[in-house]
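Enquirer: Sequence:
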Amino acid sequence: MTSASDAIAAVTAALAQLPPAESIPEEERFKLLGAMDKVRVAMEPPVLTVRNFCFAHYGIVGIRVAISMGIFDALAAGGGSPQTLSQLSEKTKGDEKLLVRILRLLGANNLLTETADGAYQPMPLAMGFASGSPLPEAIKHFYANMKASVNLNEFFESTGYKNPDDAYNTAFQFAYKTKEHHFEWLKSHPEDLHAFNVVMGLNRQIEGAQWFDFYPVEEKLHVESNDRVRLIDVGGGLGHDIARLRERFPTLPGRLIVEDLPDVVKDIKTPLGENVEAIGYDMFTEQPVKGAKSYYLRTVLHDWPDKQALKVLERIREAMADDSILLINENTLPEKDAPEFSIALDILMMEMYGSLERTEKEWIDLLEQAKFKVVKVWRSESQGVGSNALYEAVPV
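In our numbering, the protein residues as written are 21 to 416.
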């Protein structure tokens, strides 16, 4: 049996031999992180595990306060060089006593270090939280979601611990004391809406292969005329998928359309390209574009419990032509041993939307309830994080 000293030496030697993180393929990097987590879990005493659970949220709390105080902007203004407390205090909100405490918290979370002469040296990640970066928006978004998390048990107490199944009766409504769905609530909270939209775009930066890399687009989505709609991205946000699809297949005939709520669509700043349109649309109402070759939804239905998801699918089915195809690009939970990220996302969907992350069987059951036949479930060998299955279906 290997001694603890031998194990420490082996791990230390392995770390010294690791290539730069950016040179490691994404899939291998996630496997390595998983292996490191297993070592930590095996070695961590229970009291330390409980302590880590209890204090885990203070990282996001500290970063959120630091964003509002202007600490990251002050660090960026210094060009990444060390700055004294008085220098930072001149550029930030609040008094120096509070500033010191938040700086300590950032240091404990590896965002900065204190130099020998008492100055504060930002780490590279800290510079990423300055204004203009998407990272502060991610913190704002999930910090706001934490209010639902904090009230989750009280919400369950009020419902008799029933599994949520209605998008209008969730921990979000309970915590924020509103009858509005989160998406409706965002309309009157522009800062939160902007953060939400940024996060949806940021998610796409940590994914593996895209659906059109392993789905036979040229064969399945061929149309004869440029006048026909080749694909509608229903609930497509700011049009990231549409833009990448057009870039991947620039010469394929047919129009492309991205649909989302008017308040989302109006936030599209970058031109999506020739033959690409953006339409403000509520997907619970009659689909305005009939007879498109394909109707595509990416991580849309996981925001909705079955009751509302079936209504969305009904609206699409009503608009389809005989040769139309439904494409559902979605997170898919394994039947067992789901990764921590996917499980956390399932709880997030539950508390904010009353929805869930579905298994492949649950996706197929949902589509069959909506009177669709699943032709094939397409997958890529390189999954990354996020959408990891494409369900191709036709109406029956």
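Watch out, some of these pointers could steer you wrong.
Stated by the list, open to error - Straight-line distance between alpha carbons at most 25 Å, and here's what the computed SDA-like set of lysine to any residue pairs gives:
1. Lys111 / Cys74
2. Lys331 / Met303
3. Lys381 / Pro236
4. Lys58 / Ile367
5. Lys167 / Asn217
6. Lys327 / Ser169
7. Lys310 / Ile345
8. Lys310 / Arg335
9. Lys286 / Ala96
10. Lys113 / His209
11. Lys391 / Thr379
12. Lys381 / Met147
13. Lys207 / Val285
14. Lys197 / Leu281
15. Lys240 / Asn217
16. Lys240 / Glu401
17. Lys199 / Met166
18. Lys58 / Ala36
19. Lys182 / Lys197
20. Lys289 / Ala158
21. Lys327 / Asp366
22. Lys182 / Lys327
23. Lys331 / Lys396
24. Lys327 / Phe194
25. Lys182 / Lys207
26. Lys167 / Lys58
By construction, these hints were calculated from the structure, which means they are not laboratory data.
Enquirer: Next, verify each hint and record whether it holds.
Expert: Status of each hint after checking the structure:
1. A distance of roughly 33 Å separates the Cα atoms of Lys111 and Cys74; the hinted pair therefore is violated under the 25 Å criterion.
2. A hinted pair counts as satisfied when its Cα atoms are at most 25 Å apart, and Lys331 with Met303 qualifies at roughly 9 Å.
3. Among the hinted pairs, Lys381 with Pro236 is consistent with the structure: their alpha-carbon atoms are about 23 Å apart, no more than 25 Å.
4. At most 25 Å may separate the alpha-carbon atoms for a hinted pair to count; Lys58 and Ile367 meet this at roughly 23 Å.
5. Using a Cα cut-off of 25 Å, the hinted pair Lys167 and Asn217 holds, with the two alpha carbons roughly 19 Å apart.
6. Taken as a hint, the Lys327 and Ser169 pair is honoured in the structure, with Cα atoms around 23 Å apart against an allowance of 25 Å.
7. Proximity of Lys310 to Ile345 is assessed by CA-CA distance (about 12 Å); at most 25 Å being required, the pair is judged to hold.
8. Only pairs whose Cα atoms come within 25 Å are accepted, and Lys310 paired with Arg335 is accepted, the gap being roughly 10 Å.
9. The straight-line distance between the Cα atoms of Lys286 and Ala96 is roughly 31 Å, outside the 25 Å bound, and the hint therefore fails.
10. Note on Lys113 and His209: the hinted pairing holds, with a Cα-Cα distance of about 23 Å set against a maximum of 25 Å.
11. At roughly 19 Å between alpha-carbon atoms, Lys391 and Thr379 fall within 25 Å of each other, so this suggested pair holds.
12. Of the pairs offered as hints, the one joining Lys381 and Met147 is violated, with about 43 Å between alpha carbons and a cut-off of 25 Å exceeded.
13. Restraint check: the Cα-Cα separation between Lys207 and Val285 comes to about 12 Å, which is no more than 25 Å; the hinted pair holds.
14. Distance hint between Lys197 and Leu281 is fulfilled; the C-alpha atoms sit about 23 Å from each other, no more than 25 Å.
15. Restraint check for Lys240 and Asn217: the C-alpha separation of about 30 Å exceeds 25 Å, so the hint is violated.
16. Note on Lys240 and Glu401: the hinted pairing holds, with a Cα-Cα distance of about 21 Å set against a maximum of 25 Å.
17. Restraint check for Lys199 and Met166: the C-alpha separation of about 18 Å stays at or below 25 Å, so the hint holds.
18. Among the hinted pairs, Lys58 with Ala36 is consistent with the structure: their alpha-carbon atoms are about 19 Å apart, no more than 25 Å.
19. The hinted pair formed by Lys182 and Lys197 meets the criterion: a straight-line CA distance of about 19 Å does not exceed 25 Å.
20. Proposed proximity of Lys289 and Ala158 is supported: the alpha carbons are some 19 Å apart, at most 25 Å.
21. For a cut-off of 25 Å, the pair hint linking Lys327 to Asp366 stands: about 17 Å separates their Cα positions.
22. As the CA atoms of Lys182 and Lys327 are separated by approximately 16 Å, the hinted pair is consistent with the 25 Å bound.
23. Between Lys331 and Lys396 the CA atoms are separated by roughly 23 Å; this keeps the pair inside 25 Å, and the hint holds.
24. The straight-line distance between the Cα atoms of Lys327 and Phe194 is roughly 20 Å, inside the 25 Å bound, and the hint therefore holds.
25. Restraint check: the Cα-Cα separation between Lys182 and Lys207 comes to about 29 Å, which exceeds 25 Å; the hinted pair is violated.
26. The straight-line distance between the Cα atoms of Lys167 and Lys58 is roughly 30 Å, outside the 25 Å bound, and the hint therefore fails.
The structure does not agree with the numbered hints 1, 9, 12, 15, 25 and 26 stated previously, though it agrees with the rest.
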